[in-house]
Amino acid sequence: MIKIENLSKEFNANHGKVKALDNINLELNNGDIFGIIGMSGAGKSTLLRCITLLERPDSGSIYIGDNDILKLNEKELRSARGKMGVVFQNYNLLMQETVAKNVAFPMEIAGRPKNEIKQRVAELLDLVQIGDKASFYPAQLSGGQRQRVAIARALATEPEALLCDEPTSALDVLTTKQVLSLLKEINEKLNTTIIIITHEMSAVKAICNKVAVINDGSFVEMGHTKEVFANPKSSITKMLLGEDFRM
Amino acid sequence: MEAFFNVYGSLLLYSTLETLYMTIVATFFSYLFGVPLGVALSITKKGGIASSPTFNSIAGWVVNVVRSVPFIILMVFVIPFTRLVTGTSIGPNAGNVPLIIAATPFVARIVEQSLEEVDRGLIEAAKCMGATNFQIITKVMLKESRPSLIRGLSISAITILSYSAITGTVGAGGLGDMAIRFGYQQYIDSVMYSTVILLIIIVVLIQWLCNLWAFKADKRNRN
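Chain order of the listed sequences is U and G.
Going by this note's numbering, the first residue of the first sequence is number 1, and it counts up by one from there.
Going by this note's numbering, the first residue of the second sequence is number 248, and it counts up by one from there.
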């Protein structure tokens, strides 16, 4: 279970303080696929950086399981990080290592035994359907295949949740569909909670059961995807939907 | 020609070996000290994984100071230290001491520059996975920048090679020494040209080997 309470973050800008996140609240149940959608500059990236603690929020709590990860010390935090896998828009793979090594990486740094790592890498690569690419290097793969490696890597430490930052925004339409259906499959098979941060309405519509619309650092609307989109209340949701229709 | 090689052939060979010896030993030690220093400069920078502006500016200042001392001055200046370390102030081993002192900060900057090329997103991804700073340095930064580090090695080794020729002026041995004593002081042009040609060959070889190595090591070239 993931719960975010009263999360706020300010940045110092030339003309004074800018509220990047304003009192964000969020609660996920196990097995949810939760979409967070917003336009550029709405606070999506800051939210992601705060949830992953690449950026320290000014106030609030982030519960993963029973622990508020903001209250952990460095060492506790490092081991708690294994509970959340992160998938990035531009994959962030080790370009000098093989696919197998990339997937093994989170387990290696966690000090898992070698034979266990080897077995798990094979399982994970099969799960993301690139079992035949283990000895390839990322440069030899297509964008979709690279994102599959990144997903396998994010799943390596058996996380409770998968946090995806614009996971399909660099991919073409067909590959987007395949990656999204892979995420759905993982969600169903492993009961992994998934958070998808995106600006793509179609990605949210395709797989998210819940959605939050973010604008100016706060959630303007939140609920079950179908209800929110069938009956949009805020102007920003209408705009996001309208843009989608006009395409 | 044959007469020339009869007289100077074995000396040229010996000097070449001495030069190679000095270049290899000095490069090895300046990397031994320069890599940790370069890593330290890189990670303590603003936005680095162990950001420490105070350490960074002090270390940066020391590096800049050593690098701004002209090598020929530095070489003479450290002679007491050289004696302390090697027991002598002449010969290749004595020449290596100022070489390593001068090359270490140079190597540190070259390494620092290579590490700058590592994608920040990748370092953040490793952090998200729970990597310690040491793991980020060894498994991400140094690994990912390997091809660039190898290209940097060619720059460092060639610079050290040319500096090793300068150590010839104070009797460190090698091709520089030979060029000074025979070519410059005794006006034997053929010796001077021979040493220069040998130095050119060594430079070309270092560059060629490092380029080949860097290309082979860079997995982004696989397809």
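Among the hints, a few may not be true.
[Claimed, not checked] Label-pair restraints from in silico Cβ distances: (1) Trp-460/G / His-224/U: 34 to 42 Å; (2) Lys-293/G / Asn-30/U: 37 to 45 Å; (3) Ala-464/G / Ser-234/U: 32 to 40 Å; (4) Trp-460/G / Lys-118/U: 47 to 55 Å.
[Said to hold, decoys possible] Calculated Cβ distances over 10 Å to all of chain G for the following chain U residues: (5) Met-1; (6) Arg-56; (7) Leu-77; (8) Glu-108; (9) Pro-113; (10) Ile-117; (11) Arg-153.
To be clear, the hints were calculated from the coordinates, so they are not data collected in a lab.
Backbone N, C-alpha and C fix where the C-beta goes; we use that ideal spot for every residue, glycine too.
Status of the hints after comparison with the structure:
1. Trp-460/G / His-224/U: 34 to 42 Å: Distance hint for Trp-460/G, His-224/U is violated at roughly 57 Å.
2. Lys-293/G / Asn-30/U: 37 to 45 Å: Since Lys-293/G and Asn-30/U have Cβ atoms about 40 Å apart, the given range 37 to 45 Å holds.
3. Ala-464/G / Ser-234/U: 32 to 40 Å: Hint violated: Cβ distance 53 Å, outside 32 to 40 Å.
4. Trp-460/G / Lys-118/U: 47 to 55 Å: 29 Å, violated
5. Met-1: Met-1/U is indeed farther than 10 Å from all Cβ atoms of chain G, at 20 Å.
6. Arg-56: 13 Å, holds
7. Leu-77: Non-interface label fails for Leu-77/U: nearest chain G Cβ at 8 Å, not farther than 10 Å.
8. Glu-108: 8 Å, violated
9. Pro-113: 17 Å, holds
10. Ile-117: 14 Å, holds
11. Arg-153: At roughly 8 Å from the nearest Cβ of chain G, Arg-153/U sits no farther out than 10 Å, so the non-interface label is violated.
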